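There are 2 protein chains.
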Amino acid sequence: MFDRSLYEKTLLDDIGEKRFNHSLRVVDKALSLSKGKDVDLEKVKIAGFLHDCAKYNEKKYLTLLRPEFIENSTIDMKSPILHAFLGAEVAEKVYNIKDREILDAIRYHTTGRENMSLLEKIIFLADGLEEGRSYPGVKKLREIAYDDLDCGLLSMLDHNIKFLLEKNAYIEDLTFKARNYLIKEKYGKS
Amino acid sequence: MFDRSLYEKTLLDDIGEKRFNHSLRVVDKALSLSKGKDVDLEKVKIAGFLHDCAKYNEKKYLTLLRPEFIENSTIDMKSPILHAFLGAEVAEKVYNIKDREILDAIRYHTTGRENMSLLEKIIFLADGLEEGRSYPGVKKLREIAYDDLDCGLLSMLDHNIKFLLEKNAYIEDLTFKARNYLIKEKYGKS
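Chains as they are written, first to last, in the working numbering: chain A, 2 to 191; chain B, 2 to 191.
This is chain A alone, in the form it adopts within the complex (with noise of 0.2 Å):
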């Protein structure tokens, strides 16, 4: 059983107070979003309270659990989905989550992939939906989300990848392909 008292104080001192909050949002809204589906809520409030538990550390955290990468300079420190990925190793080796399932809501929860879990839709959804967030459309997203999950996940990877469009910046493969999937199977290839 996760005691998440033993690990506010480290999750504060790493993200700030700011992030903090909104992790707590993104628990409340993945466990909103999971009414009456089937889905396990202990992971859910473990998954939305660590998803983000790599932000604004990553040079320490690369630096302790993959030291290769920072001395090879294969990685691009900069890129923003660096603590999704990071943030796995982090909620294994530093907050001992062994769950596969849980640490691949975390891995996956910028970019999202190809045939998500419940699990990763309902974390990848309450990032960008919980309360805190008022960009220009997420009511509506909140709406279809609370429709019908798949739906709500569409449409975020929809607005997801024009944002990334306006911005000139590149769409990472695995959300161009979480995209695909889901049209795929909403609508058929073509």
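Treat the hints with caution; some may be incorrect.
Pairs count within a copy or across copies, as identical chains cannot be separated in the list.
[As the list claims (entries may be wrong)] Simulated pairs of lysine to aspartate or glutamate, EDC-like, Cα-Cα distance not exceeding 16 Å:
no. : residue 1 : residue 2
1   : 187       : 167
2   : 99        : 39
3   : 61        : 29
4   : 190       : 77
5   : 56        : 69
6   : 185       : 77
7   : 185       : 115
8   : 187       : 151
9   : 19        : 132
10  : 61        : 90
11  : 46        : 9
The set of hints was computed from the structure by calculation and includes no laboratory data.
Keep in mind it's a predicted model, so treat the numbers as computed, not measured.
Once you've looked at the hints, dock chain B against the given chain A.
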């Protein structure tokens, strides 16, 4: 030397007058985009002329050239990119084009791909920007392409991706890899 007059009837019979005229306009636009650039104009004319040579004739040419795909039902006959890939085969086997650059320009004229040759970029853009096109935004795209071909290419890819997002259509890997490649070249990856 490619003698177009030998092939005009075949192409016109296959793809019809409307699409034939589109192909002539693509040649014009491609030549126009080629001004001041180090590209083989003969190749530009051939690739522009033949880029849609398999359109509307996918079943006929698959039966002729790749019957195994039909027998095994391994191909999506409704795919919007089939005509491009098949077109490269038709250009080679029916129109006797052996030049690899021309065949690739035909093959990738719908999706684009990573690290396109100058000829591929010109044909891709000419197809989207020929003077018969009148979709919202085309004038701006033409301006950008004439000013800077790679900027035009990126803008065209973004435009296509947005269009496919709105249509809830599958976005080919080749297309988002084409875009990401340009983003990396222009802005770096993050």
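For each hint, the structure was consulted:
1. 187 x 167: Close across copies (15 Å), not inside one copy (26 Å); limit 16 Å.
2. 99 x 39: neither (21 Å within a copy, 58 Å between copies)
3. 61 x 29: For residue 61 and residue 29, the Cα distance exceeds 16 Å both inside one copy (29 Å) and across copies (57 Å).
4. 190 x 77: between (33 Å within a copy, 8 Å between copies)
5. 56 x 69: neither (20 Å within a copy, 51 Å between copies)
6. 185 x 77: between (31 Å within a copy, 12 Å between copies)
7. 185 x 115: within (11 Å within a copy, 23 Å between copies)
8. 187 x 151: within (9 Å within a copy, 34 Å between copies)
9. 19 x 132: within (14 Å within a copy, 53 Å between copies)
10. 61 x 90: Within one copy, since 13 Å is at most 16 Å while 53 Å is not.
11. 46 x 9: within (13 Å within a copy, 67 Å between copies)
Hint compliance for this structure: hints 2, 3, 5 are not met, and every other hint is.
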